[in-house]
Structures are given as C-alpha cells and as structure tokens.
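Novice: One letter stands for each residue in the lines below.
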Amino acid sequence: MIDVQHVTKRYGRNTALNDISFSIEKGEVVAFLGPNGAGKTTTMRILTGFMPPTTGSVKIAGFDCLEEPWEVKKHIGYLPESPPLYLELTVKEYLTFVGRIKRLGPDELQERMGITIDQTGLSEVQGRVIGHLSRGYRQRVGLAQALLHNPPVLILDEPTTGLDPNQIIEIRDLIKSLAGSHTIILSTHLLAEATAICQKVIIIHQGQIVAIDSPEQLGAKLQQAEILNLTVKQADPDFIETLGKISGVIHVSAGPAPNTFIIETQIGEDVREDVTKLVMTRGVGLLQLSTQAVSLEDVFKVLTKPKKPIN
Amino acid sequence: MNPVQTIVAKELRSFFVSPVVYVIGAIFLAVVGLLSYQSVANASNQAVRLMQLQNTNAQLNLNEMVFRPLFQSMNLILMIILPLLTMRLFAEERKLHTFELLLTSPIGVNEIVSGKFLSVVIVYAGLLSLTALIPMTLSAYATFDWNPIMLGYLALFLQGALMISIGLFASALTENQIIAAFLSFGLILGLWVLGALSTAFGDSALGHILSYVSFSEHYARLIRGLLNVKDLMYYISGMAFMWFAAHQAIDAYRWK
Chain S
1 MIDVQHVTKR YGRNTALNDI SFSIEKGEVV AFLGPNGAGK TTTMRILTGF MPPTTGSVKI
61 AGFDCLEEPW EVKKHIGYLP ESPPLYLELT VKEYLTFVGR IKRLGPDELQ ERMGITIDQT
121 GLSEVQGRVI GHLSRGYRQR VGLAQALLHN PPVLILDEPT TGLDPNQIIE IRDLIKSLAG
181 SHTIILSTHL LAEATAICQK VIIIHQGQIV AIDSPEQLGA KLQQAEILNL TVKQADPDFI
241 ETLGKISGVI HVSAGPAPNT FIIETQIGED VREDVTKLVM TRGVGLLQLS TQAVSLEDVF
301 KVLTKPKKPI N
Chain U
1 MNPVQTIVAK ELRSFFVSPV VYVIGAIFLA VVGLLSYQSV ANASNQAVRL MQLQNTNAQL
61 NLNEMVFRPL FQSMNLILMI ILPLLTMRLF AEERKLHTFE LLLTSPIGVN EIVSGKFLSV
121 VIVYAGLLSL TALIPMTLSA YATFDWNPIM LGYLALFLQG ALMISIGLFA SALTENQIIA
181 AFLSFGLILG LWVLGALSTA FGDSALGHIL SYVSFSEHYA RLIRGLLNVK DLMYYISGMA
241 FMWFAAHQAI DAYRWK
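From first to last, the protein sequence lines are chains S and U.
Read in order, the letters of the first sequence correspond to residues 1 to 311 in the numbering used here.
Read in order, the letters of the second sequence correspond to residues 1 to 256 in the numbering used here.
I should point out that these hints are in silico values taken from the structure, not numbers from a laboratory.
In this text, all values refer to a predicted model and were calculated from it rather than measured experimentally.
You may find that some hints are simply not true.
Sample of chain S residues with no beta-carbon within 10 Å of chain U, all distances over it, derived [what the hints assert, rightly or not]: (1) H6; (2) E25; (3) E111; (4) H132; (5) R172; (6) L191; (7) Q206; (8) Q208; (9) I212; (10) S214; (11) A257; (12) M280.
Ranges between beta-carbon positions, derived for each pair [to be verified]: (13) S:D164 <-> U:V193: 48 to 58 Å; (14) S:E67 <-> U:N110: 51 to 61 Å; (15) S:I240 <-> U:H97: 53 to 63 Å; (16) U:M150 <-> S:G162: 51 to 61 Å; (17) S:G162 <-> U:F182: 45 to 55 Å; (18) U:D251 <-> S:D213: 31 to 41 Å; (19) U:D251 <-> S:G268: 51 to 61 Å; (20) S:Q110 <-> U:Q5: 17 to 27 Å; (21) S:D3 <-> U:F16: 44 to 54 Å; (22) U:G190 <-> S:G121: 47 to 57 Å; (23) U:Q5 <-> S:D118: 20 to 30 Å; (24) U:L154 <-> S:S181: 33 to 43 Å; (25) S:T8 <-> U:M150: 56 to 66 Å.
Even for Gly, the Cβ is constructed at its ideal location relative to N, Cα and C.
Please put together the full structure from these sequences, using the hints given.
Specialist: See below:
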C-alpha cells in the first residue's frame, strides 16, 4: 500500500531524512516513533505530497507521489500536527468545504458527512463555530476532516497530543476501529500509544530508521537480562547477599522502597523457584514476586542514545 | 461547484463573519462620502463665484470639477485599504496550518490562487458599487455626462483589482499578516512613486519604461475619459504577472 524507497530530504545543508526505505501492507497500523525533530513530520509531509523528497521515490496505492500527486491525494487522509481548522466556520460548514475540495459529489458528501460526524462523536457540536470548541473537539474535527472522503490511507501526525486521558482513549479506540479497513500511519512520541494500537513500529532517529518491528519483537530483541521484583515482609541484613549467590542471578540491588529488591538474571534462567525457596527457609515473609518485561521505553532509550551526528 | 467556486464561497463566508470587512468597508464609504461632499461643495462655490464675476449662466463641467478629483483621491484610499483586505489570504492559512489541508487535497495551486483573488475582487466590487450612490444622487440635481463616470468606475475597478493581485502575492510570502499588509502597501506605493520618477527622466527610454510600469498614467488617462487598449492591457498583464508570482511563491514554500 505504501512503498518508500531511499527517500532523502534536505533543507539547505540540513539533512532531515537520510535514505529512508520501508513498506507498509494494506490494513496495517504503523507508528512512527522518535524524539522531537527526528524526522517524523517530514516523512509524513512527503507521504502526503505536501512537499517533495530531495531524492527517492514514494508510492501510495500504486501511485507515485511526484508523477500522480492528484491520485495520491485522493487516497490519503491527513491530520497534521495541529489540526487545519478554519476557526470562523461551524463544524458543518468546515466539513462541507473539506468535502468539496476533496472532490466529493453533493450526495456522497451528505452521506459521508453523516457517517463521519457519528464516527468522531461530533453530532452535538456540528452547528457550533470551531473557534469556540475545546481542544478535544477540535482534534476530533481534525480527524473528521481526514476521514471524510473515506481514504484507504490515513496519516495522523501525533493524533493524541494535548488531549486529556479520556479523550486519548476515545481517539485510540476510534483509530483501532478503523484498522483493517484502512492503512494507518501515526506518529507519536508516546511509547505506550504505539504498543496499544500498532502492529508495527518504525523508530526514526536523526533522520534515519533505526528499527522496524512489532512492539513485542523489539522488546525481545533488546532484552539482555530478565528482571524480577521481590518484596518481603522483613529482610535480614545479609539477605541481599544470599540472593546474589543463587545461580543464574547477575546482580541484586535494593529497590526504591524498604524490603524490596531488584534481581537481574541471565536470559532464559528462571530463578523464581529458587528465590521462593530461599525466602521460605529464611522466613522473611514473601509479599510479592513478579517479573518485569522490558518496556518499549527501554528499547527506545537504547536505540536513540546520542550517537555521533550524521553528516 | 468547481474548486474555484468552492474557494470563493469559503473566502466570502470567512470575510463576512469577521468584523474586518465591515470596519474597512465603513471607513472606505465614509471617507469617500466626505470627499465627494467636499468636491461638490467646492464646485458649487466656484459656480457662484463665476456667476457673480461674469453675471452669466456659467456652465461648469461636473465631470472635471467633481468626479475626476474624487476618482483621484479614491485611488489613494484604495492604496491604504486594499492591503488590509488581502493581508490574511495566505498568511492566515500558513499560520493556522490550513495550508496543509489545501495543499494535500486534490485541488491545484492555480485554483486556490484564482479563488482567493476572485473572492477579494468580489468584496471590492461590492464596496465600489455602493459608492455609485454618489453620482446617482448628484444626477437628481445636475446634468452631466455619464460616459466618463462609467469609465472612471472601470478604472477604479481595474486599479483595485491590480492592487488586490499585489496583496495576494505579498500574502503568499509570509505567515505574518502585518508584514503582508506592509509589503503590499510598499509595493503599491513603489509603483506609484515610479510614475512620479518617470517625469524626472522626461522623454528618455527609461522615462517611458517607468511611466509604463507605474499605474499613474494609465489610471489618469482612464479617469479623463480616454479608453485605450494599451491601458487595459497594462492592468490585465499586471494582474496576470502578480497571479503567477503568487503561484510561484506558494510552490517555493513547498519545495524549500
């Protein structure tokens, strides 16, 4: 559905994107992940045909972005980082305008407008002026604008920034409900978001792709140690040392609270049984023993550690 | 609705929900009204003086006494007022990021530029037609030749449309509306000053070029009642050039 080959974008002497290639299948939900300034917005603007790449080719639904920009534009719904709203219009006027410039016929426009307003939960505010709406509603109007012409590809630049937790959940549910029938690319710097809604994560850093994989796989790849969290009732002074003597344990450190311990073990070694036995024989009173999965946060930190700058 | 009509309809809607058009329109009409009162009063004073002097029924040419100075000063008011109408056209789209919506929709830059241009021309034509009340009222009390007045209005229309196209270009260059307004004001003022400058070079080639590039002489000829293809061509080619420049400015913004 989306095929990006060797795309480079330079602003003057500044290289914003350096030889990026990836492809996305129909119906996939993919997240661009990266710190601010990594090149996420630039990539999205190139995909939407807003700006051309310096070199490289982009194909969307089989159409080349430079050769057939009109076809590409018809196949894409785009929500920029700040929703593109005319504040003086009402929601309905605005969507009518958008539908017309997206080349929907009058009947089609009426039909799609009803569906989109329902989907995005805008029916209560459809007669109100956009400038008077709250941030959450404005974001929804922005999303409605991207959905209106029912494009097979949706490109959403940080769709949940600046929303409150309830609104974030609503928008995420909406995106999830669109998955399958639409190919969706969204950018975020929230790792939880990528894990929650995406099947694939593309990590961009300093204009380059540093990883493409599913959130789980990325975690597994980078996992060098497994971590156990242990909480006991009352620890002996030398308890921490005896823990360290269990075979397979690399390192034990005291946790943030008293009587909690963080146990790092070699990968593939399950020491939970041995730990339990030790706790029992010492009689310190087991309160909690749990494994800690390596989070995407950790993956992200490892992958985007400052490297030498790109030339 | 074709895309140009869609843009025009949206722009007109945006114009009339904002107070800017009403304020600018009110100022324009009030100033034009006062100026016309002043030139009519002036003309009647002169008529009285002439009658006392010659003790005859002197015939004054109202076209020359009233309308030509009025059209001349309306030109100056347009220079100040039209940049305020055009400043938001593209600057606001850039500021509010709605430009991203327009440029990622299946609609051409030429259609966007044409739609924006036409919408302000329509607003301006509306304002201008309201000032037609002045000659209409005057015709109840005096007789004068309507033809030069029609031509004067054509001149005002073309002059305003040219200024609007300049403002369109200026607005495409920046996301700051104030800068856009001053830029178009500066460009229009520059074109005007070129006309004054041309007299300094007299009959030389440079003098001719300067006087052709400036609108002063073209406008002066039209409001004097002289219809000339060369003058019409000046306005049309000027607008076409500015339209093209605005188009280029938008492309440059995307390709930068």
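Novice: If a hint holds in the structure, say so; if it does not, say that too.
Specialist: Results of checking the hints against the structure:
1. H6: Since the minimum Cβ distance to chain U is about 19 Å, H6 of chain S lies beyond 10 Å and the statement holds.
2. E25: holds (23 Å)
3. E111: holds (17 Å)
4. H132: Consistent with the label, H132 of chain S stays out of reach of chain U, its closest Cβ about 12 Å off (over 10 Å).
5. R172: holds (23 Å)
6. L191: At roughly 26 Å from the nearest Cβ of chain U, L191 of chain S sits farther out than 10 Å, so the non-interface label holds.
7. Q206: holds (21 Å)
8. Q208: Consistent with the label, Q208 of chain S stays out of reach of chain U, its closest Cβ about 22 Å off (over 10 Å).
9. I212: holds (25 Å)
10. S214: holds (29 Å)
11. A257: holds (47 Å)
12. M280: holds (63 Å)
13. S:D164 <-> U:V193: 48 to 58 Å: holds (56 Å)
14. S:E67 <-> U:N110: 51 to 61 Å: violated (19 Å)
15. S:I240 <-> U:H97: 53 to 63 Å: holds (56 Å)
16. U:M150 <-> S:G162: 51 to 61 Å: For M150 of chain U and G162 of chain S the Cβ distance comes to about 56 Å; the hint holds.
17. S:G162 <-> U:F182: 45 to 55 Å: violated (33 Å)
18. U:D251 <-> S:D213: 31 to 41 Å: holds (38 Å)
19. U:D251 <-> S:G268: 51 to 61 Å: The hint (51 to 61 Å, Cβ to Cβ) holds, given that D251 of chain U and G268 of chain S are roughly 58 Å apart.
20. S:Q110 <-> U:Q5: 17 to 27 Å: holds (18 Å)
21. S:D3 <-> U:F16: 44 to 54 Å: holds (46 Å)
22. U:G190 <-> S:G121: 47 to 57 Å: Since the Cβ atoms of G190 of chain U and G121 of chain S sit about 53 Å apart, the hinted range of 47 to 57 Å holds.
23. U:Q5 <-> S:D118: 20 to 30 Å: holds (29 Å)
24. U:L154 <-> S:S181: 33 to 43 Å: violated (57 Å)
25. S:T8 <-> U:M150: 56 to 66 Å: Given range 56 to 66 Å: holds, Cβ gap about 59 Å.
Hint compliance for this structure: hints 14, 17, 24 are not met, and every other hint is.
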